Every structure is written in C-alpha cells, then in structure tokens.
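Undergrad: Chains as they are written, first to last, in numbering that gives the first Met the number 0: chain Z, 0 to 572; chain P, 0 to 462.
There could be a bad hint or two in this list.
Ranges of calculated distance between the beta carbons of each label pair, as one might list FRET restraints [stated by the list, open to error]: (1) Z/S393 / P/T185: 47 to 57 Å; (2) Z/A254 / P/V26: 35 to 45 Å; (3) P/D299 / Z/I383: 47 to 57 Å; (4) P/N283 / Z/V396: 43 to 53 Å; (5) P/V26 / Z/V164: 29 to 39 Å; (6) P/T317 / Z/V17: 23 to 33 Å; (7) Z/R111 / P/G22: 55 to 65 Å; (8) P/G22 / Z/D268: 20 to 30 Å; (9) Z/L198 / P/W186: 27 to 37 Å; (10) Z/K400 / P/D147: 56 to 66 Å; (11) P/Y174 / Z/A254: 54 to 64 Å; (12) Z/T296 / P/T317: 31 to 41 Å; (13) Z/V17 / P/N436: 54 to 64 Å; (14) P/I179 / Z/A254: 39 to 49 Å.
Calculated pairs, DSSO-like style, for lysine-lysine (alpha carbon to alpha carbon, straight line, at most 27 Å) [unchecked claim]: (15) Z/K102 / P/K2; (16) Z/K134 / P/K360; (17) P/K345 / P/K301; (18) Z/K264 / Z/K216; (19) P/K1 / Z/K102; (20) P/K138 / P/K345; (21) Z/K102 / Z/K400; (22) Z/K380 / P/K370; (23) P/K360 / P/K158; (24) P/K370 / P/K158; (25) P/K301 / P/K360; (26) P/K2 / Z/K380; (27) Z/K134 / P/K2.
Worth flagging that the hints you see were computed from the coordinates, not collected in a lab.
These numbers come from a predicted model, not from an experiment.
All residues carry an ideal CB built from backbone N, CA and C; glycine is no exception.
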Amino acid sequence: MNGFLGFAFDLAVVILRVVIPLLAVLIIVQIYSSLRHNRRNERPLIMLWDEQDGRAIPVLYWENSIGRSRLSDIYINDPAVSREHAVLLRRDDGWIVTDADSKTGVFVNGERISGRTHVYLNDRLRLGSSTFVIKRAEEFMGRTRRSWFFNVSGKNGVSQKLLLVLITIFQFLVTCEACLTEEVLKSGVIDLTPFGYFLILAGLMWGEYLITSLAFKRVNFEIEALAFLLTSVGIALSIHQSAKQTIVQLIAAAAGIVMFQFMIKFLEDPDRVTRYSKWIYIGSLGLLLINIIFGQTKYGAANWIVIAGVSVQPSEIVKIGFIMVGAASLDQLQTKKNLFAFLVFSALCVGALALMGDFGTALIFFATFLLISFMRSGDFKTLILAVSSAVFASLIVLRFKPYILDRFNAWGHCFEEPYVWDTGFQQARTLIYCASGGLFGMGIGNGCCTSLAASESDIVIGVVCEEMGLIIAAAMAVAIGALVFYARAITTRSRSTFYSISACCAAGLLVIQLSLNIFGATDILPLTGVTFPFISAGGSSMISCWALFAFIKAADERTYAIKKAGLFSSEDR
Amino acid sequence: MKKVLTRSLLTWFLALAFFAGLGYFVVRLVTNANEWAQLPMNAHLSANGLARAGAIYDRNGVILAESVEGERLYNEDERIRRAVLHSVGDDSTSIATSVQSMYRNELVGYSFLLGLGLPESFRSTEDITLTIDAEACAKVYDAMAANDYKGAAVVYNYKTGEIICKVSTPTYDPYSPPEIAEGDDTWEGVYLDKVISASYPPGSTFKLITAAAAIEMINDSPDRYLYCEGSSIIGGEYVTCVEPHNEIDMTMAMADSCNIYFAELAVELGAPTMESYAERFGFNQSFSMGNIDIKKSFYDVKKADDAGLAWSGVGQYTDMANPLHMAMICSAIANGGSPTMPYMIKDVSSIFNIGSLTAGKSGQSGRDMMKSSTANKLSDMMRTTVRDHYGDSTFGEFHVAAKTGTAEVGDGTEDGWVVGFVTDEDCPLAFAVCIENGGFGISSAVPIARTAIEASAPAVRGY
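Only chain P is shown next, with the shape it has when bound in the complex (with noise of 0.2 Å):
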C-alpha cells in the first residue's frame, strides 16, 4: 500500500497544476474585467448598452448624451453632436479615447465586485461634466467644416488646465455613424480624436524648442545675427526660405520663420542637445489625461546626419507633433517653464462612486520643460511675432504670442500649424490648431485659432 500512496503523488501534480491554472484563470479574469466587460463584443452593452447609463454634460450643465427610457440621446444640436464626438462618443466604441469608451464602466456603473446587472435601485450609474463649452467646439466646427478642414483644434486654460475647445475632423454625426466601405478614404481618420490621438511633423512650430535650447546653450544666443540668403548649403544639402532675410537675430528669425537660422542652430547644438532638449519638451514621453494616454511626439537624431540634424530644428526631418502636447508646450512657455496639465473630466456623480472615475485636477504642472528666462524670451519673441508680423487685429481683440508653421508632409502636402497662448490676465488660453494639407499656417490654421480663442473666452472670462 505504501508504494501505491507513493506513486499517486502523481495524482497531486495533477491536482497542483490544475490550482495553478484556476489561479491564472482567476487572476487572468480580475485584471483584465475592466477591459473585456466594456469590449463591443458584450451583448450587454453593445446592442442597447448605454440604455442606462449615466449622462454627460458640458462644462455649462448642457446635455451633451443622456439615456431615457432606454435609448441613448446626444444633444438637440447637430453642430454639436458634431462638434463634441470625438470626446463623448458614440453608441459604438469605435472612437477610442472618448469619454463613451474610456469611461463606459462607469456610464453603465460596472465594477467587477457586482459584476454588471445590479437590480435598479442599486444601479450606480455616474454622470460626467466635461470640462468643453459645447457651444465653442460647434462654432469653431462650423468654422472648419464651412473650409472643408480637416485636422485638430484645441484650446485649454493653462492655469487650471480645463479644456475648453477640442475639435477633431472629419466628424459624423453619432445617430448616423457613416457605413465605410473598402478603400473609401473621405473618412480617413474619422475615428481619431487627431487633438489626442493623432501627430503630425510640426514644421515650424518646432523652432520654439530649438530656440530654447540655443538661449540656454549658446553664449551669444538669442542676440547673434545671421545672414540669410534665402537659401544654404548645410550637411551636403539645400535647406531654403521662402525668401532672403538678410541680417537677422532670432527674434526677427522666429518672426519671419527663418530655417536656415534655426538649422544652423541645430547643426551647432549637436544631435545629443537637440535630443535632450526635444525630451525636454515632452517628446518621446508619455503623457495621459486619465486613462486617456495622449499620442507621444516623437523626435529622434541618433542616426541623422548634418542635413537631417538641420531639418529636424526646423520640425522637418522625423520629427513629429501631437496637437494637445504643443499646447502642453505653449502653456509652459505662458507659465514660467513648466506646463499645466491639461485634464477633461470636470465632475463626476454617483451614489456610490465605485467606480475608478476620477475628476482631474486643476492647476496640476507637469514637469520644468525649460528655464523661466528662456520662457519669458521665448514668450516675448513670440508675442513680436504676433504683433509686429501679423498684427494683433489678427486675434481680434486678444493680446496673443504665437508661432506657426507650414509643414511638408511626405506626399508633396502641407499642414498649416499655429500654437501659442493668449497673454491676457483674464483669459489664459493656450491652443494648438493643426489643418492637414492647409498650406500656409498663417492663412488656414491662425484663423480657426482665432475663432477658437474668441469662441473659448467667455468660458474663462466669465462674460
């Protein structure tokens, strides 16, 4: 007997193995619940899942969705409903990042200790204010979608960090999500909250970082001058302007948007300063709002030789821009060096408030991106820009430093850029504003900027 009781140890293996996988099973099912509870493939979200969830608001108590009796409303407004999809959602999950994918657990009140069908009374649906004007993001649609626009636009305050103003097209309207047949690109990135989750090369706009490395790095920098003939030969290659600015410093150089200024600045800072001052700035990093993860921008010279090294200070190269994170930028620049943290969720109410949903936090700074003399320089070089070169009347009424760009993009197009803040007291508002294929910044991108910041102000303001 005793061999026998000795050979059916086998049998615990047996036993072992299968305790392990039931743990694997159990742990496997607990983290990752989040998750697959809310993937589309749920039949109890899917089909009629929002039924009951939770409402959201804009940041003025205006219904932006709501469930009532059972079917999922959006607001009365088309502009709206447009304006507002990328961040509230639709009926599918098919815009990722927005408030209806990231935050459905909490919408339909999920957490994974009652599992999903608690009986109505016990339902602990939450509502969320969003930090947006609704009203804002339909006019600063209207203004895109009246140009044919597609791209990113997004205003927030950079003392608390709200977002005020975010507009991503093409756009659909969430009662009739657009059916998208094979190889049809009219939609191409229509689920892409481009403000979040989408980058372009930021062209000139990328000249702010260059400059803040050369003001802290070079002695005679930002007051050396330069001649500018219009075009140069720098690593083996032409880098040109749009024409020939003579003797210039880099106030002047930022404000007529030199690129052999800022080249030659980077070809003499060296890949290894351009890099860490690139990182610096946020590029190469991970950021989030949230859950939210914000689209990284990238900037990489390890392999890149003088030319390449030249076209990446002027946002050229491989270089590449996330729309909210040069806002991010603009708002250190507007705050002394470190940038506010830009959040969305405003307010969130329940019974019993257990889900993860939190509201964001006001007045959160990110970390130093630079020096707060090299900000002041670059906020007065880029406050010159807008008032000796394009004119305050071009922000109306507001007192605005900014800087564009017009980036080549690799088929032959051109994204026009403009990022900056407004420098009045009673109203911080920093934007980026990225229109694919607008040619010239200052034509396509500074007025959607303009309509933004006009749009977004009373928001802060108060009036």
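This is chain Z alone, in the form it adopts within the complex (with noise of 0.2 Å):
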C-alpha cells in the first residue's frame, strides 16, 4: 500500500504496538487492585471467654489450633495443656473441635470426645485446667492483625464487568495487530479470519462470566479474567503459526473452563478430597504408567500418549492429582503427621518422569513437592533430607548415563562455537529475536521466532518478546509471579489449611515452571522444555492451567462465601 492510505495504516500499527502492552499493563494492575480490594474486615468468627478470668479470645481463621505451644492460632498458657491439643473448625454445617491427640483430652459440657465433635454457641469447652464458653464475636473489642495485600479500607476496586470490557478490547486490539502483518501491509490484502477467533474467544469468556455470576452467583472474575488475559496473547501468537494449532488452543480453554468450575464444585468440601486421596493416587500413577508403556516421543521426552487422535500429557493432569493429595486440613496435619504415602508417591512420580526423560516436569514435581512436605511439617530437616537424596540419585544417574549432562554443556554459553549451531542454537536464536523485538514488538506474524523447533512452547518467551516486545513479555511473567504473594495473603483467609496449602502450592508450581520456561529458553538455566502458562501451545497444559488456577481460586473465601452467611455470626461479608 502506498500514499496516505499506508500511511494511515503503518501509524494505526505503531499505535497499536504501543497502545496493547499498556493496556496489558493496565488489566493487570486492575486484576490485583480487585484482588486487594472488595474484602471484608478481618474480624473474628467466634471468641472464647475463659470462665476463670473473664479474658475473651478471639477464634480469627475458618481452622484453628489450640494449644500451649507459641504459635497456636488459640495459645492457652496452661501446663496441663498439651502443646498441640486440639484443632477448632469450621464446616458449612457448624463449628468443630478435634482432639489433636493431647496428653489430658478434649472436653465438650464435661463429656471427653473423640474424633470431630459439633460445638455449639454456649458450649463449655474444657481443656487441661481451662474452660472456655463458645461466644459470638461481636462482643470481642479488641484489635486484630492485617494483611499488608489487602486493602479493606479503600473503596471498592474496578467492577468485574469493566475488567472484561477492557479484556475484550485488549483481545480486539490484539487481533487488528494480528490482521496487519508486514505482508498485508504491503500487499493490502487483508485476511480477517482472526477475527473468528477473537469472538469465540470473547464469546467463551462472556459465557463463563455470565454462567458463574447468574448460575454459581459469584462476584469475583479476577482469576479467570487473567487467565483469559494470557490465553488472548497465546491465541494471537498462533494463529499465523498454524490454524489447526489455534483451534485447540481454544478448544483446549473450553475444556479447561469445564475443569475450573468442576474443580471448584469439587474442592468446596475438603473432607471429601481426603475421602477421594486414595483414588486420586490410584489415577494419577495409573496415567503415569499408561504413559510409560504407551508413551511417544517429542521433542525427546516420550510423555505422550495419543488417545483416538489426540495427543495427551498424563503429567499434566497428575499435576493435580499431586496438589490435591499433598494438601490436608489443619486437623489431619494435627494428628497425621506421617507423610509416607504422600512421599511414596512423590518419589513415584518424579522417577517416572524421569524415565520418559521428562527431567523438566520431574524438577516441576519435586520441587513442589517440597513445598507441600514444607508446609505440612514445617520441617527443614525433611526438606534437606530430600534434596540431598534427590542430588545423590542425580549423581548415580550421571554416573552411569554421563550424556545426559551433554544436553547441559550449552548452558550459559549457547552464542559460543559449536554450541550455537547445536545444543545452544533455540536458546541464542532466542535472545536475537527478544533483541529485534524491542520493547514493543515487530507485530504479531512478522517475527522469525516461530521458524525454530518448539516455538509454540518451550521458547514461547522468545515469539512473545519479538512479536509483542518485552514490556507485554515481562508484564505477563509478573503477574503470574505475582499469584503467590496473593496466595499467601489469603493463607489464613482461606476456609480450611487445605486451601492453603494447595493454592500456595499451585501458584508455586506455576512460577517454577514459568522459570524453567523463560529462563531456560533465555540461557540462564538449562533448556529443560516446559510450558508457559495458558501462553504456549498444548491442551493438556491449558488445562492443568485452569486446575491449578482453580485451587488459587477455591482458597479465597469469597469463592463460597453465598453459602457460608450466618454462623454464629451476623456479620460475615
């Protein structure tokens, strides 16, 4: 095209690439100012009035324990009191005390209990030489700690509604600049099929939103709204990578939606996960062994199995499996402590993985393993003990396949001779398209990145930062990285320490596999080859995405919160 007409064309393109990362920006920031705001105050649920001297304690979190030990949530400085003796509890149908196997027992109006017993407003509770009386909260004046996340006293952040609209013009912005590729520019034949895609894609996330407020009465779209903000820019990269490839993509984000709101409805009672553990481990090294006997190779790792024409990565979906085993409420901490079967079946998945050569996705799995094991038992030394027999079983493997280290020789060297033409080539092409992108793209379908081997996944970051630029690039790494901060501050919002422990976990396992994803494309780890989250190209990836969002999702309190209203209490929201 020549004259004003290209003119006016090539300034709407600069536009454009400038205009999409700050609105990248800008959703973002929308998304963790909503996750701050819209919170109730931190008050507590119940209080305990001690009959001797009259002292009110308040009961702040949904599980609790109770003890002589420091950092009880309930401290009770009483020598006949064990130092974990009890765990208090919240469920949708009433309050719960537990005896967490003391030494002088639990007891509910004078009666020793075992198992989980029901208590009720008024009840006395005795343990060791101190009684407590179950009172509401409202009488309770004193002070209570907060987040530094969370802001409750603002007002209210960006509406759930206009977080969307302004995605859906992100989604509409992004597919004008996938339409106005350099040859079209050139050309001035414009193909609009992109746009089809951006109204599925709008079309599914509209659905969603409506489905999950009108249905499922829910107000919060947060997760889900940045979920749909990185599968927009995973869309847009693939659609001038291939058709095929784009339409699973979307399919696969419609599947993995289905897997959101079914985890969500399953994880809202955690007793009844731990009723299903034992399913859950019988599945999930079942696939892992399906896998290994029908498993295919691609890109040298055989963790494929194609089920009627489709290409599935068991150890996708046992990623799940792994969190919902791994995570446990505060009265199962309490009294089983032994994580033999959990650590049985780590060590189970990790090998196997390994076997198929898969050593990206078995670091992803031991090291959430770790902090699972972590922050169930608070334990260093279990931590060290597994990373020292994970460093001595390396060390055996080394010594007996030794060219296994060969696929590391390129790291930190991949611009050198003869690296750069081998082992080093995808990680220093690369670097060289991040550099030519700049900090605002080439535009979408002008890159070079997509020529090299697995650019739709494992380098994903390089197509991002050349096509879109490193402000989008870096943008969307944050704001995955940022879930764990926000998964943390709702540790003790969350309505039981599985919640806790799982959505910790998943936000934890999605940054380390972010890093292995962008650092090892980008030579400062080794090129291991795992995903980007929602980003790079794979159904079964964008579904265990949505799973392991879910589990962030399931932790906050609002996410059930229709359902919990009114007890003991009048003012829960």
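With the hints as a guide, bring the two chains together.
TA: Have a look at this one:
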C-alpha cells in the first residue's frame, strides 16, 4: 500500500504496538487491585470466653490450632494443655472440635470427645485446667492484625464487568494487530479470519462470566480474567503459526473452563477430597504407568500418549492430583504427621517422569513436593533430606548415563561455537529475536522466532518478546509470579489449611514452571522444555493450568461466600 | 493457620528468586540487545538484512553501498568495491570493523525501544557519509594489487582527523565473497581491516620513539656522535647494521637507519624509561574511532635483558605496531606533540536519529606524546631523511618527512614500512604503509605511500 492510506495503516500499526502492552499492564494492575479490594474486615468469627479470668480470646480463622505452643492460633498458657492440643474447625454445617492426640483430652460440656465433635453457642469447652465458653464475636472489642496485601479500608476495586470489557478491548486490538502484518501492509490484502477466533474467545469469556455470576452467584472474576488475558496472548501468537493449533487452544480453553468449574465444585468440601485421595493416588499412578508403556516421543521426551487421535500429556493431569493429595486440613496436619504415603507417591511420580526423559516436569514435581512437605510439616530436616537424596540420585544417574549431562553443556554458552549450532541453537536465536522485538515488538505475525523448533511451547517467550515486545512478556510473567503473593495473603483467610496449602503450592508450581520456561529458553538455566502457563500451545497444559488456577480461586473465601453466611455471626461479609 | 502462614514464606523465596531471575533477564536483554540483534544468525538481517538499510557514501557523495528495491548494491566499479571493502563491509558481518557490521543497527533503523520492525513510513534508516575518498582508495588498491602486495595503507588529514584513504589487502569483491577452504592460506587475513585490526613489528619506524626518549632524557642528545662499525655486541648479542655508518650523529643515524646508534640509546635509557616513552606514544594503549576499537600496539621490556632492550629500541624484540597508530604518531610529530584523532564517519542522516551513531569530531586532539621541541627535532630529522637521503622526487611534488622500516618477522620474511607526513601547508596528510613480506621499506612501502599521497591530496587541497 502506498500513499496516504499506506501511511494511515502504518500509523495504526505503530499505535497498536504501543497501546497493547500498556493496556495489558493496566489490566494486570486492575486485576490485582480488585484482588486487594472487595474484602471483608478481618474480624473474629466467634470467641472463646475464659471462665476463670473472664478473658475473651478471638477465633480468627476457619481452622484454629489450640495449644500451649506460642505458635498456636489459640494460645493457652496452661501446663496441663499439650503443645498442640486440639483443633477448632468451621465447616458449612457448623463448628467442630477435634482432639489432636492431646495428653489430657478435650471435654465438651464435661464429656471427653474422640474424633470430630460439633460444638454450639454457649457450649463449655475444657482443655487441661482451662474452660472456655463459646460466644458470638460481636462482643469482642480488641484489634486484629491485617495483611499488607489487602486494602480493606479503601473504596471498591474496578468492577468485574469493566475488567472483562478491558480484556475484550485488549483481545480486539491484538486481533487487529494480528491482521495487519507486514505482508498485509505490503500487499494490501487483509485476511479477517483472526476475528473469528477473537469472537470465539470473547464468547467463551463472557459465557463463563454470565454462568458463574448468574448460576453460581459468584461476584469475583479476577483469577479467570487473568487466565483469559494470558490465553488471548497465546491465541494471538498462534494464529499465524497454525490454524489447527489455534483451534486446539480454543477447544482446550473451553475444556479448561469446564475443568475449572468442576474443580471448584469438587474442592468445596475439603474432607471429600480426603475421602477420594486413595482414588487420586491410584488414578495418577495409573496414568503415569500408561504413559510409560504407551508413551510417544516428542522433542526428546516420551511424555505423550495418543488417545483416538488426540495427543495427551498425562503428567499435566497428574499435577492436579499431586497437589490435591498433598494438601490437608489442619486437624489432619495435627493428627497424621506421617507423610509416608505422599513421599512414596512423589518419588514414584518424579521417577516415572525421569524415566520418560521429561526432566523439566520431574523437576517441577520435585520442587512442588518440597513446597508441600514443608508447608505440612514445617520441618527443614525433611527438606534437606529430600534435596540431598535427590542430588545423590541424580549423581548416580549421571554416573551411569553421563550423556545426559551433554544436554546441559550449552548452558551459559549458547552464543559460543559449537553450541550455537547444536544444543544452544534455540536459546541463542531466542535471545536474538527477543532483542529484535525491542520493547514493543515487531508485530504479531512478523517474527522469525516462529520458524524455530518448539517455538510454540518451550521457547514461546522468544515469540512473545519478538512479536509483542518485552513489556508484554514481562507483564505476563509478573502477573503469574505475583499470584504467589496473593496465594500467601489469603492463607489465613482460607476456609481450611487444605486451601492454603494447595493455593500456595499451585502458585509455587506455576512460578517454578514459568522459571524453567523463561530462563531455560533465555540461557539463564539449562533448557528443559516446559510450557509457559496459558501462552504455550498444548491442550493438556492449558487444562492443567486452569485446574491450578482453581486451587487458588478455591482458597479465596469469597468463592464460596454465598453459602457460608450466618454461622454464629451476624456479619460475615 | 498461623503456622501454615509462616511456612508459606518459602513460596516467597521462590517468588523472589523468580523476580530476581526475571530482572536479570530484562537487564541482560536491554544491555545486550544492540549486539544480539545484529548477530549474523538473526534471520531479519542476515538473509536479506540490508535489503532496506541506509546508504553509504564517500566524502564526494560517491555511492559505496545502497539498497534498491530490496537489494543491497555496491559501487559500480569493481576496483572501488575491492578498495573500500574493509571500510564499508559486505552483506555478511565477516569484516567486524566495517561500517556495515559496526553500524548495522543504525543502517537498518534498529533501536531497542522500537525493535526492528517498524512499518515502512516510520523506519528510521540512517545514511552514512564516510570521510574516505573512494577514488584515492582505488588508486592505492591498484598499486598494491599490481605488485600482489598484502598489507595496509592509510592516509589521514592531521589537522582534521579525516581518514582520506584506507586500504587493506588481500580483499575481495562484496558481490562474490570467497569461499575459503580449510587450510587455504591465500585468503589469510582477508576479513581483517589491517589498518585498524592488525599489528606488525615496527622495525626502524620505532626509532622515532627511541629518538624522542633520548632527546628528552639524555643531555648531549641528539648531538652525540657514535662510531658505527657495522656490528657491535650489546648485552652479549650482535646488533648489526646493513653497512658500517662510521662517525654519525642522531640525524644521520635516523637517515641511515643505524641500528647500533639507537640500540645503544635504548640500553642507556633503560627499560623503565623506554617503556614509559612507548606508552606516552600510545603503545599498550587503547584507541578507538567511534565504536571501532583500534588494535593495541605493543611494547614490553619488563623481562628483557640488555640485548632484548637493545633490539626493542629498533622496533624488533616483541614490539608490535598498528598502522593507524603509527600514522597518529606522525600526526603528533607534525602537530608539535599531540596527535589528531582519526575518524571515518563524516555525516549521519536520518529522520529521527534515535540510533547511537554520531559523526566523528573534527580536529580532536589526543594526549600529548612529546614536547613540541622534541616534535620539531624529529620532524627535521624525518624531513632530512627524505630530502637528503631518498631525494624529494621520491614523493613527487610533495615535501615529505618520513621514516622507513624493514622489520624482521619471526618466519624470516621482512615487512616493509614507511610512516610520515607531508609538510606542505595546504596538504596536511599523515600516512603509514606496511607491506607484508615487502623487504626494504624504501622499495616496497614508499612507492605505495607516494601513490596514496598523490591520490589523497585533491581531497584536502581541493585541486
């Protein structure tokens, strides 16, 4: 195109390239701002009134440990009370007390209890030589602690609808950019099929929003919004790579949403998950076993199976089960300290993945195992023991299969001969194309990085940087990384330690995976071949990312808010 | 719950490690982007990378390279293409110091802020005008090619610093780059701009530095007489001259290029003084023209015995000199002690000029190399050498002050040197020529220098 029209289109392209990253940053800021706002005050749920001295102890959490340990949620300075004596839990059907294997026992209205026992207002709870009466919280006048993350006093954050409108605008602009490639500008022939994908994606998002807000009565949509934002980038970048891949991504996104809703429903009762844990163990190991037997090799790792023409990566699905059986509610943490079953399960998972040659995913599982076991036990010894045995095991593997080390020779030397032509080939090109893109990118569809092997998955960061620029790439990475802070901030506001642990570990897992993806492709770590959550192509990965987001979503008490109003307290929200 | 909250701090460490890594990635990308983006592996640049790059002109507006309809075209004249190859470069980035390698980002309009892919209307490619005279380069190239000489020749204006003529051989036509087989040494050094990136033993041309040190540090220098028998034992080793020079002072020793005279001076001055003078003259120092680093000249006598020190004073031992640096030394002598810094980028034109490239600065002086009285004395000696010894006709109509050199290379061959400057007021040219395996400088390098001066003079004189 020449003349004025050509100039107008060129100008439009430049404006798009600058506006899109800025809009992405704005959306991410709004998502987190919304996560910080719209919070209830952290006020006590009920309180324990000490008969002896008339002191009122606030009960702040859904699950509270009671004991002589200063770290207990409810601290009782009484020599007759065990360090970890009992657990006071809130469930949908009321408050429950459990004896955490204490020496002197727990008495409700004078009777010693065993197992979970319901307690009601004005019940008398005796532990050691102390007796407490359960009271409403309104009478409590003391101050409570606040997390830096939340902004309780400020006005409400952006409305969820506006958030979605912003994302829709983002998707629209990205689609426009995808239509105005360099070739189009030169030839003047515009192909409008990208708008078809745009309509499907926007439709999925709004459909999901309407269903959750109308049918499930949920008021918050930030986590889903983040997933859709990331998915939009992935879809936009895959349009010019392969139509088939784009359609697979869209179908996987739809499946991911279904998975997400199913997970939230399933996780609603943490005790139910515990009941199913045996089946999760069996199912996960079964999947890995099938993978080992029928596995197909792609990019050097036999981590694929093909079912009826659809290739599936079982390890992605096992990730979900892994976190599910790893997390536990507080009374389980206090009574069943033995991690043996989970330890064996983790070792089997990591071993199976190593056997498939998928060392990246094996590393993710191992790091997640460390996170889970530490959050459950708080024991550094377990951590050190696990790390040292893993190092020992790796050394043995390298002793017998030294060629595995060759894969990592290029690490840190990707621009040097001869690595730049073999094992450092992709990393060197990724960096070159990241540099070519600059801050605002060369435009969707104009990149060269897409010609590299695994450009749609392992080294997708190169495509994002080259075509959309460093600002967007960094913003997307920061948006996922910041989930860790969010997951930790909601720890004590979750309805159970089951959610706290699973949310922190899901966020941790995503960050570990993202680190391996970005730093592996850019030669900061050895290249291992894992996916960028939501942006890398891959159906299994997409679905598992939605499931991991579901853990985080479930940990936010607002997710199940509608059903929990009015337990001993007149104001819950 | 509190315990779980405390334990979840572990995820924070994870996140902090991640953000630290991300920060490292961003910083590394931003600081290295210019270098990475122009690596030859970049498919945006290498395949058809100069397809839309800016043009390169010589000082008279002669097109040295330009892009027309997606193709990179070079000058029509093959002589010029070959002569300016090392200044301009070819499609690849094989010649690392060439403009098309060093300033490829500017030529194609790359900046990290906007990346490489701005649409046509906004592309800020930069045109670059060089200070060199293409025709002068071609004439020198012809003269060198006629004798099958390999080496370097450079002429620059010692008042302004503009490089007028710069030729490095062997060379090739950028339209047909050589395919060099393993072990084929006919193309040795072809990717090197020898004016900028090579160094050779300076041989007798180094006597200028020894002389300067002696003039400033020894009382009866340069008037001291010495009897040269043709050979003498210094530090237990024979130092020899081509022929006995008998009773000579420094001016005669310079003209006759007496090794014994300057070897004795070097030993008398001692290693620390010699080294400090060599360094004042720019040996072991880094110089650059814009982003282009000039190969360091080398002088080190810390571990030398007297024989080594003696030989170092006449430009042997481990001495190495870069041709452009030797021309700078001549410019310092011509200018009364301080050199004028050479440059090659005359002008840069672009719409936005967001690139890092700026034109060289005219008349920028480097650090003083010697006292101005010393410069005058050296200048007189070099002038005497030409006038009384070679005869002024050697350089045609020009009045030239020069020093030749015949440097022994380790393999038994000898490189021929001449360095100097034109004393005529209207033609302030400093030059250095080094012909590999050329034998006596007077017979190999001097005729090339004459051609270079004659070809470059119109650029400074205007006629």
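Undergrad: It remains to establish, for every hint, whether it holds in the given structure.
TA: Hint check results:
For Z/S393 and P/T185, the Cβ-Cβ distance of about 51 Å falls inside the hinted range of 47 to 57 Å, so the restraint holds. For the pair Z/A254 and P/V26, the supplied restraint of 35 to 45 Å holds, since their beta-carbon distance comes to about 39 Å. Between P/D299 and Z/I383 the beta carbon distance is about 53 Å. The supplied range of 47 to 57 Å therefore holds. The beta-carbon spacing between P/N283 and Z/V396, approximately 51 Å, falls within the hinted interval of 43 to 53 Å.
For the hinted restraint 29 to 39 Å between P/V26 and Z/V164, the CB-CB distance of approximately 35 Å keeps it satisfied. The hinted window of 23 to 33 Å between P/T317 and Z/V17 is violated, with their beta carbons roughly 56 Å apart. Taking the beta carbon of each, Z/R111 and P/G22 are about 57 Å apart, inside 55 to 65 Å as hinted. Separation of P/G22 from Z/D268 is about 41 Å and departs from the stated range, judged on CB atoms against 20 to 30 Å.
Range check, Z/L198 to P/W186: Cβ separation about 60 Å, and the 27 to 37 Å hint is violated. Between Z/K400 and P/D147 the Cβ separation comes to about 57 Å, which falls inside the hinted range of 56 to 66 Å. Taking the beta carbon of each, P/Y174 and Z/A254 are about 57 Å apart, inside 54 to 64 Å as hinted. Between Z/T296 and P/T317 the Cβ separation comes to about 57 Å, which falls outside the hinted range of 31 to 41 Å.
At about 59 Å, the beta-carbon gap between Z/V17 and P/N436 stays in the expected band of 54 to 64 Å. Roughly 56 Å separates the CB atoms of P/I179 and Z/A254, a value that falls outside the hinted 39 to 49 Å. Between the alpha carbons of Z/K102 and P/K2 the distance comes to roughly 21 Å, so the proposed pair stays at or under 27 Å and holds. Restraint check for Z/K134 and P/K360: not satisfied, since their Cα atoms lie roughly 85 Å apart, outside the 27 Å limit.
Proposed proximity of P/K345 and P/K301 is contradicted: the alpha carbons are some 41 Å apart, above 27 Å. This hinted pair checks out: Z/K264 and Z/K216 have alpha carbons roughly 13 Å apart, not beyond 27 Å. With a CA separation close to 23 Å, the supplied pair P/K1 and Z/K102 stays within the 27 Å bound. Between P/K138 and P/K345, the direct Cα distance comes to roughly 21 Å. Compliance with the 27 Å bound is thereby established for this hinted pair.
Between Z/K102 and Z/K400 the alpha-carbon distance is near 53 Å, which puts this suggested pair outside the 27 Å criterion. Restraint check for Z/K380 and P/K370: not satisfied, since their Cα atoms lie roughly 74 Å apart, outside the 27 Å limit. Distance check on the hinted pair: P/K360 and P/K158 sit about 12 Å apart at the alpha-carbon level, within 27 Å; holds. Between P/K370 and P/K158, the direct Cα distance comes to roughly 18 Å. Compliance with the 27 Å bound is thereby established for this hinted pair.
For the proposed pair P/K301 and P/K360, the alpha carbon gap of about 37 Å is over 27 Å, so the pair is violated. Note on P/K2 and Z/K380: the hinted pairing holds, with a Cα-Cα distance of about 17 Å set against a maximum of 27 Å. For the suggested pair Z/K134 and P/K2, the alpha carbons sit about 25 Å apart, so the restraint of at most 27 Å is met.
Checked against the numbered hints given earlier, this structure breaks hints 6, 8, 9, 12, 14, 16, 17, 21, 22 and 25; the rest are met.
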